[in-house]
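Undergrad: Given next are the chains, with one letter for each unit.
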Amino acid sequence: MSPSEYPESLATAEVDELLTAYLDEELSVEERSSVEQRLSDDSAFRARLAELERAWNALDDLPRAAPSHSFTRSTVELAVAELSREIRLSQPRWKRWIPQMLSIVVLPIVVLWGAYAVTHSMRMAPYRQLVQELDLIEHFEMYEKIDCDLEYLELLGTQGIFGGGNSDGSN
Amino acid sequence: MGLAVSESSAQNVVRYELIDPDVRLMLQVRDGSAAAFEELVDKYHQRVVQFMEHAVNRESAEDLAQEVFLRVYSARARYQPGAKFCTWFFTVANNVASNALRRLGTRKEVTMTKLAGVSSGETPETTAAAASGLMPTRQFDKKELSEVVRTAMQSLNERQRMAIWLSKFEEMSYQEIADTMELSVKAVKSLLSRARATLRDLLQPYLAKGTMPDRGDSQTHASDLGGD
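Chains as they are written, first to last, in our numbering: chain A, 1 to 171; chain B, 172 to 399.
Everything labelled a hint here was simulated from the structure, so no lab data went into it.
By construction, the Cβ of each residue, glycine as well, lies at the ideal position given by its N, Cα and C atoms.
Take these hints with a grain of salt, some might be off.
Claimed, not checked - Here are the simulated distance ranges between beta carbons: (1) R273(B) <-> N57(A): 28 to 34 Å; (2) R46(A) <-> D202(B): 51 to 57 Å; (3) I87(A) <-> A206(B): 14 to 20 Å; (4) E230(B) <-> Q37(A): 47 to 53 Å; (5) S84(A) <-> R274(B): 24 to 30 Å; (6) R274(B) <-> A47(A): 40 to 46 Å; (7) V118(A) <-> D202(B): 56 to 62 Å; (8) Y250(B) <-> N57(A): 35 to 41 Å; (9) G203(B) <-> N57(A): 40 to 46 Å; (10) A117(A) <-> D202(B): 52 to 58 Å.
Take these sequences, add in the hints, and give me the full structure.
TA: Below is the structure:
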């Protein structure tokens, strides 16, 4: 029976609403018995109900996707990432800034100090030998006046005669 | 007044906690149980992926389903059982689906010409033969029926599809669908009735005769496709 064959009064939204609610068991007891009474008396009404029900049952044939096997695992991983983000955001703002602030303040200091150390070391390189031989330079005039065998003086030096343990003149 | 509301809310919590095991799981998630969350994902993922497949589209279904679970997880601290868990869960899913549809900006206009040509393995020649009336009817198999039903479902508008899905596959009452979709019960009743009538109009030719219609029949029914 095509829709055009239904009586005018039947092909209405109200009838479909009534029959749909009947199928969905959403009618009151009185409404339900009224529908059932009409179903027993009215073949067109009965046919309409059967068609609605058949179309409804056909939905069981809907193709339905199967989610991927990794769905649960990847979803839980996303939730864990969300939890980490929540924990980070729950810290006071100033605490979240500590690593950034440290990197902003400390890093330039370290870089500047390193640059200074390298420059200073390079600048002082020519004077390093002078500093090492300062003792000799200070007593140079005295050493000049001594007419002595150098090897003998070194020997005396190793024996601690000059107050040190070696002969390099650093003491 | 405020006290009465708070007492009623507390009674709801106890009531739903007692009758709905998923509410109990969600309360465990609220208290920090990762295992309970995993159990909920395991229990609902297939249902929500399939809901998204039909409410939005197949390609985005898994991503949207994950978005639903993440929203549920993010909202765990505020969770108060005021309904069955699946009602609350599908309210979230419905919002995610609606947002996705807005983003996609599509309301699929499915023509009955497409509906007539959905059968797999149908070559242009057979389609042409059917259209010309040389092959007016033929038996169609379960796979074809499945595609016809899917296309009919796609021809419904967004709200009709969601209401149909919740009623048919989640077995929700009108009240639960109304809560999920944030509509009145009366609106749900009307929505479902129109959706069912549209499905009946689209599927009746196939179901009554068990045959694929010729092009003429299809175009007759194209005019029956109603909006919401």
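Undergrad: Hint by hint, note whether the structure agrees.
TA: Right, here's what the structure says about each hint:
Restraint check, R273(B) to N57(A): a C-beta distance of roughly 33 Å satisfies the suggested window 28 to 34 Å. Between R46(A) and D202(B) the C-beta distance comes to about 54 Å, which sits within the given range of 51 to 57 Å. Our hint of 14 to 20 Å for I87(A) and A206(B) holds, since their Cβ atoms are close to 19 Å apart. Taken as a hint, the range 47 to 53 Å holds for the pair E230(B) and Q37(A), whose Cβ atoms sit roughly 49 Å apart.
Between S84(A) and R274(B) the beta carbons are some 27 Å apart, a value that agrees with the proposed interval 24 to 30 Å. For the pair R274(B) and A47(A), the beta carbons lie near 43 Å from each other, so the given range of 40 to 46 Å is met. In this structure the hint that V118(A) and D202(B) lie 56 to 62 Å apart at CB holds, the actual value being about 58 Å. Here the CB-CB span from Y250(B) to N57(A) is close to 36 Å, well matched to the stated 35 to 41 Å.
Take G203(B) and N57(A): their Cβ atoms lie about 44 Å apart, and the range 40 to 46 Å holds. Separation of A117(A) from D202(B) is about 56 Å and conforms to the stated range, judged on CB atoms against 52 to 58 Å.
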